[in-house]
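Given chain A, work out where chain B should sit, using these hints.
From first to last, the protein sequence lines are chains A and B.
Each position in the first sequence, counted from 1, maps to that position plus 2 in this note's numbering.
Each position in the second sequence, counted from 1, maps to that position plus 2 in this note's numbering.
Keep in mind the hints are simulated off the structure, nothing from the lab.
Check before you lean on any hint, since a few could be wrong.
Same chains, same names: a pair is fine if it fits in one copy or spans any two.
[Unchecked claim] BS3-like, lysine-lysine: derived pairs with alpha carbons at most 25 angstroms apart: (1) 160 with 35; (2) 160 with 130; (3) 71 with 130; (4) 92 with 214; (5) 213 with 130.
Protein chains: 2
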Amino acid sequence: MTSSPFVLGLQHEAQTASLPINVGIHEPAEGGKKVKNTLIWINEHGTITSRYQKLHLFDVDIPGGPVLKESNSVEAGKDIVPPIDTPIGKLGMMICFDLRFPEISLRLRRQGAQVLVYPSAFTVPTGKAHWETLLRGRAIENQAFVIAAAQCGRHNGKRVSYGASIVIGPWGEVMASSDRVEDADAEREGGREPQLLIVDLDLDLVEESRKKVPLLRRTDVYPEI
Amino acid sequence: MTSSPFVLGLQHEAQTASLPINVGIHEPAEGGKKVKNTLIWINEHGTITSRYQKLHLFDVDIPGGPVLKESNSVEAGKDIVPPIDTPIGKLGMMICFDLRFPEISLRLRRQGAQVLVYPSAFTVPTGKAHWETLLRGRAIENQAFVIAAAQCGRHNGKRVSYGASIVIGPWGEVMASSDRVEDADAEREGGREPQLLIVDLDLDLVEESRKKVPLLRRTDVYPEI
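Here chain A stands alone, though its shape is the one from the complex (with noise of 0.2 angstroms):
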């Protein structure tokens, strides 16, 4: 990573601009075999304050769809990285596959997140069918935002994915969206324009929707996560 011009480009990028940059990446995990796939948060000063590698890995076989099997090239993560600050609020990493586990996000939030992330590249068919539900879902059931910056459109030749970027309020209202593919055999490669969202995060929203709906949890019964 230390010398990827992508991520230095980023480091540079991210410091001349004074905003910090949230990218995911893969970078050669040990013994050389895998790649890890790994989210990391550059500063506004250009650092790299925090790194998270995806914990689930996606292996589906969707008939008449996809077939894709992460594990064949990716090491999986070991760790959920607790909630680092940032100027926009205590934020929670995750990545695509891990939007449909619920326990990291429950332990994040129980760690004090007010934000949550999931960059992720969705197949067409699951996009259409879970991509916007799962992630409303999140941002309702953890009273956080949700941020989700998704690759749209044809890649790599035959890969086309759903994209739907999306900022959700902690009430689970849509703030903004993105583009998404409805046809995925229509897509062609560099068919698409990269799209921005800006989106103001007010936190008061998240204290007042936990205030407005305690979620008491029974950990007498179930386990903390």
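Same frame as chain A, but now just chain B:
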């Protein structure tokens, strides 16, 4: 419960029609001060074969909306009831506010539930904002059918419940739903007629969705629920 005309009547009806009935009741708690919010399963012979006492009580205070303190009058349950065998599959019982806690459905899923039920009386504002999204989320993340019968309209004088009874498939699709309240102020007591949803549940869809997207939990990192 053994002397309630309501419950005895339902047991009689279940037996007469050879149909199971899953119904929520309030019954006296020990000590006589509070009640239990209980969900019972009456089998097709009219016998009560299972009962679940609501675990998470609903204490909310919504500015400009409802203030409700269920814990003032209701005694909380102490256990999750393992899924029961029914003619429509292995069924996990929850009630209303339990919906906001992923833990309870995750436990039931781990114990083999194919169908999750959430009979409810959501408020109108939380119903509009959260009801369908959370239910669809539970169906998707547990890859199970979700059946949620929901009280609809004005009752007990000042309470208005959202409605929108719903049946959801294990891929997250809404298979059927009933009317919902859009404007609480326009609701008058007795202004709604009962509605019936009739849906065939194909349990193969549960297995299919679990096969398509295997959810390998990281219980080496977070506790098994």
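The hints, checked one at a time:
| no. | hint | result |
| --- | --- | --- |
| 1 | 160 with 35 | within (23 angstroms within a copy, 65 angstroms between copies) |
| 2 | 160 with 130 | within (18 angstroms within a copy, 39 angstroms between copies) |
| 3 | 71 with 130 | within (20 angstroms within a copy, 38 angstroms between copies) |
| 4 | 92 with 214 | within (20 angstroms within a copy, 34 angstroms between copies) |
| 5 | 213 with 130 | between (33 angstroms within a copy, 19 angstroms between copies) |
Going through the hint list in order, the structure satisfies each hint without exception.
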